[in-house]
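Engineer: Construct the complete structure from the given sequences, taking the supplied hints into account.
Residue numbers (my numbering), protein chains in the order written: chain A, 417 to 514; chain B, 417 to 514.
In case anyone wonders, no lab produced these hints; they're calculated from the structure.
As the structure is a prediction and not an experimental result, all values here were calculated from the model.
Be aware that one or more of the hints could be misleading.
No copy is singled out in the list; a pair is fine if it fits within one copy or between any two copies.
Stated by the list, open to error - Think about it this way: if two alpha-carbon atoms lie no more than 27 Å apart in a straight line, the pair counts; the simulated BS3-like pairs of lysine-lysine are:
| hint | residue 1 | residue 2 |
| --- | --- | --- |
| 1 | LYS469 | LYS513 |
| 2 | LYS468 | LYS513 |
| 3 | LYS486 | LYS499 |
| 4 | LYS486 | LYS498 |
| 5 | LYS513 | LYS486 |
| 6 | LYS513 | LYS498 |
| 7 | LYS496 | LYS486 |
| 8 | LYS480 | LYS468 |
| 9 | LYS496 | LYS513 |
| 10 | LYS513 | LYS499 |
| 11 | LYS480 | LYS507 |
2 protein chains.
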Amino acid sequence: MSDFDYQQLDDIIHSRIRLAIMSVLVSVEEADFVFLREKVNATDGNLSTHIKKLESAGYVAVNKSFENRKPISRYILTQKGKKAFEIYIQKLESLLKK
Amino acid sequence: MSDFDYQQLDDIIHSRIRLAIMSVLVSVEEADFVFLREKVNATDGNLSTHIKKLESAGYVAVNKSFENRKPISRYILTQKGKKAFEIYIQKLESLLKK
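Structural biologist: Rendered as structure tokens:
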């Protein structure tokens, strides 16, 4: 397979917004919705949609709890998500460097 | 602006196939259609569509000529394309490394 084969890049991760979400989550233990929204600079609807897609793929998990009686959702990368991100970066590097 | 702002990534370059095309072109002087198609692993139609999008953005230019009486199209990155690719890589790195 050619290093330039575009299909080697995980399509679930590659979308700009999902790549940004994954990049935030790989850099922190966990992130709540508002923090993610500000970092990624997305609208609520757009962020929700793409978090759901990452959850469906098993890359992101959510912990729901209450803080001062307010519901709060905290997002983390799963082991599967971390592995997929690692592979994505490797493939991206071999695409860009050769 | 947050380093994780997904909109900092040039959308014209970021699509997987266009990123692969740009990556091939940055690594060679010029590439003909068949060479690009094999490297990127795309269908004719898909490759044409995305090369046209890169041409419209002024990132890629085409030189058409004849070789042994057969028409041949050679693609190169323009100065604008090289600059845009450079900026894209910088933004991508700051997104991925922080």
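Engineer: Tell me the hint numbers this structure goes against, listed in increasing order.
Structural biologist: 3, 4, 5, 7, 11
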